[in-house]
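Residue numbers (this note's numbering), protein chains in the order written: chain A, 1 to 207; chain B, 1001 to 1297.
Please note: incorrect hints may appear among the correct ones.
As the list claims (entries may be wrong) - The calculated lysine-lysine pairs, modelled on DSS-like cross-linking and capped at a C-alpha distance of 30 Å, are:
| # | chain 1 | residue 1 | chain 2 | residue 2 |
| --- | --- | --- | --- | --- |
| 1 | A | Lys82 | B | Lys1003 |
| 2 | B | Lys1268 | A | Lys184 |
| 3 | B | Lys1140 | A | Lys82 |
| 4 | A | Lys9 | B | Lys1003 |
| 5 | B | Lys1052 | B | Lys1268 |
Stated by the list, open to error - Covered by chain A, per the in silico footprint, the following chain B stretches (three or more residues, Cβ under 8 Å):
| # | segment |
| --- | --- |
| 6 | 1032-1038 |
| 7 | 1125-1137 |
| 8 | 1199-1210 |
Honestly, the hints are just simulated from the structure, not real lab data.
None of the values given here were measured: they were computed from a predicted structure.
All C-beta atoms, glycine included, are put in the ideal place defined by N, C-alpha and C.
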Amino acid sequence: MSMSITIRKVILYTVYILLFASLQVSFPDAISFRGQIADLMFVFVVLTGYFFGFADGAIIGLLTGVVRDCFSSPAVVGLDGKVQVTVGIGALVLFLAGAFGSAFFTKKLHRSIPFAFLAVAAATLIYKVIGHAVSFFWIKVLGNGFYSIGIGEMILDSILPQLMLNIIATLPLLLLLRFLGPYKLGSVTDKKDDVIEAYGENSWFRI
Amino acid sequence: MKKILTAKWFIVAATSLLLIAGVVLSLIPGSPLGFLKVPFAAIATPVQAFVKSAGDTLSDFWAALTDGMAIRQENEDLKDQIADLQYQLTQNEEAAIRYEELKEAFHIRDTFSNYDIYGASIISREADEWFSVITIAAGKTDGISVEDGESYPVVDVNMNLVGRVIEISDSNSKILPLVHEGFSVACKVNEVNGASMLVSGDASLKNSGLCIVTNIADKAVLEPGTEIVTSGDGGLFPEGIPVGTIVEVDSSNPLQVTATLQPYTDIKDLEDVFVMIPYVEEVAETDSTAGVTEEGS
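Looking at chain B on its own, in the form it has when it is part of the complex (with noise of 0.2 Å):
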């Protein structure tokens, strides 16, 4: 008996089969398993965190040393970019003034003004073309908190969807970025009364950074450089939100049309993303509390 717990076909197999066990175990939904990564990335985050700021540093300063004479160029182009900006910023002052008292005479809906937007840094990217969730440093101290089911979009600073939070832990997230094989959203043509349709990761297309686009309505005429924006439809992700355009559609089943997305946000490129949270507890205690009132009164 001790010969068999010892010999290595066994441990292979029963650490394999327990590991298994675990992998399914996780899957279920509420499944607590997730703990038991939180000691090992108390270890792991910062120093990951450490040799990432180590690493930038270096970069920067080999940046500094190789771009100085450029930057010395760009420095003085940057000062006469300045004072043009000064005198275009007291001209949008202007603006900006006249455009509140628009706003508030046509009562124009800011479509994400019911979004509170919480900005964090990306921590670790992805591993391999399989071990691809992306982990940013913004969790439940920073009030960030999801419940069993719930989702909240991402975008990158210029309000382009990245993709969506799956996982939140104390101090950290994880995020289900918008060319992986798992995600999906309701899209329509960047129009009024736009053409709806599907964009999904797709596992053949995410290493080119590409999205599938399906379910086209019919009425749709997609080219390429149609800009396409999230629909609303679903709840998840507000209505407007800029995903991409088309690079190419592929209608040679006319009843299946599909259609190649190229996402305006590119992850590499990205240092920090915002997560867009709605504001429903509040709009819940204010119902709540004009209930009392109107009961009291």
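The following block holds chain A by itself, in its conformation from the complex (with noise of 0.2 Å):
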């Protein structure tokens, strides 16, 4: 790879991270439905993954995830009782979001725009449910406390809107990494799938 794909590479990466991180924290209300908000940052790296390969999707999903644990950690009870701030859950979401990403349906369907949705819903119903699935588990069974979400309103309020959110957020964002880069439009496509191919990521979520 020449110098100069090398650094537009580097530059774009780093101002998609810092800019969807930025819109997604200053201006959650603009984005937002029934109380949920379109993850740009999650959307973004899926795609990143899907279309440019494990190595983009990992790499950009563990930054972008530390970028999004600076602004807006979640906050959990800690080991003494106490409320804490964590560091690394962002990381570690964004990063098999990546990884996910890079695995999906890749070479079977040649990184098609169509099916990029389908990995974007896929992603996104993965993460809200194992989501709920760990709240649950540190809420109830390890802080012995109450869980009060049923599972009708973990589909109807939670799962459901982030889903439409995400999807509608795949549009704009999918234009804008396939067109305008990290890599030059037609650079790409081809030699990606070669490097696919050669490391057999060929086939339906194989890692």
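Hey, can you piece these two chains together into the complex? The hints should help.
Here it is as structure tokens:
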């Protein structure tokens, strides 16, 4: 990869990470519905993995996750029973989201644009289900507290609105990533597919 | 061996384990892992501030364009209001002088007079339903510091409860909002000897901006519209900070009556908040000075 391509990639990825993170935490009300917020950082990372492969997805996921932790970390009841700000949950979630995006039907669908929506929907669904499961486990089992969300509320007030918002957010981000970069249009897809095939990343959810 | 180390499943598993270990370590009291965020925050925070400022400017510009006619009419109305208010101001200045005289005469205690109030703008809000801590632009460099296990109340411009400080760095602080499921505060009905209760955030009510009320005293008669304020029990929150009003009471289980509370403050509408810090050190210094004086004399 030439130096100019690398520089372009680094600059554009940096701009994307800071821009999407800033937009999401600065104007959440402008992109929210039924209490949920369109997760621009999450969608960006999944699409990066889906279009540009494992290395891009994982590294960009990790970096975006750290920025997410800086701006708005989760607060949980710590080991001493007090509420504490955590470090690393955002990095873990977005790292796995990037890896998931890179392993989602990549070769078989030739990283097609329509199936990018499916990749985002699947990743969102998994994130929300695991998120609720972990919250339930942490509050109810470890903390012996009361986890008050029922299955119906979980689906109607959390999972479905988040799915809808993330799918809507996929369109502009997808156009941006696919046509503006980090790579010039047409310069990456063929080469990347060769790489993907060489590394065996050619089947459904195979890492 | 090299093949295993470069395999994707190994990279995913190893990185995940490392990050999980980091998360668990960050939950240990006094964990230094928070400092890892500092270099990233140093880059990301100014950019985010710029994006927010640019967004606000655009929003204001658009509002100026669309609201031009309305603003002109509003301007006329405001001019009339200013004339009225100037008259009222003169009247109120006299009333204020009388209030000060009466306050001194009757030794009225100002509930919050023992607190320093630090104003700060909200930098970033929640990223999703779990990443819900709010960051404000006030930190150690602004004179705010928090010892391990301590916390400070945060209120809005009308002194309504917003949340509490849970972490402070050099230039900013993290706020746990009132609706977060980890938040709870001892409260009472806003009347003399009002019945006590516990107001907490709730996972299922959070998205609607509501809180749950539990541990309601037997003598309490709650009904929609009942005003709830902090009771001062527990020591963190001073007595009398307005919290919200009751919107619904659930008496289906007479042994465990609960209620739903609508907080007065809506974080979505807030731009600035105020951190309340008690004069603990000043009192301690005064005490020690008094001790020295007494010993000296």
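The hints, checked one at a time:
At most 30 Å may separate the alpha-carbon atoms for a hinted pair to count; Lys82 of chain A and Lys1003 of chain B exceed this at roughly 44 Å. Taking the CA atoms of Lys1268 of chain B and Lys184 of chain A, the gap is near 39 Å; set against the 30 Å cutoff, the hint is violated. Simply put, Lys1140 of chain B and Lys82 of chain A have alpha-carbon atoms about 22 Å apart, close enough for the 30 Å limit, and the pair holds. Restraint check for Lys9 of chain A and Lys1003 of chain B: satisfied, since their Cα atoms lie roughly 28 Å apart, inside the 30 Å limit.
For a cut-off of 30 Å, the pair hint linking Lys1052 of chain B to Lys1268 of chain B stands: about 15 Å separates their Cα positions. With 4 residues carrying a beta carbon less than 8 Å from a beta carbon of chain A, the segment 1032-1038 of chain B meets the three-residue requirement, and the given coverage holds. Three residues within the 8 Å Cβ limit are the bar, and the segment 1125-1137 of chain B against chain A gives 11, so the coverage statement holds. Given as covered by chain A, the segment 1199-1210 of chain B passes the check, having 8 residues with a CB less than 8 Å from a CB of that chain where 3 are the minimum.
In this structure, the hints that do not hold are numbers 1 and 2, in rising order.
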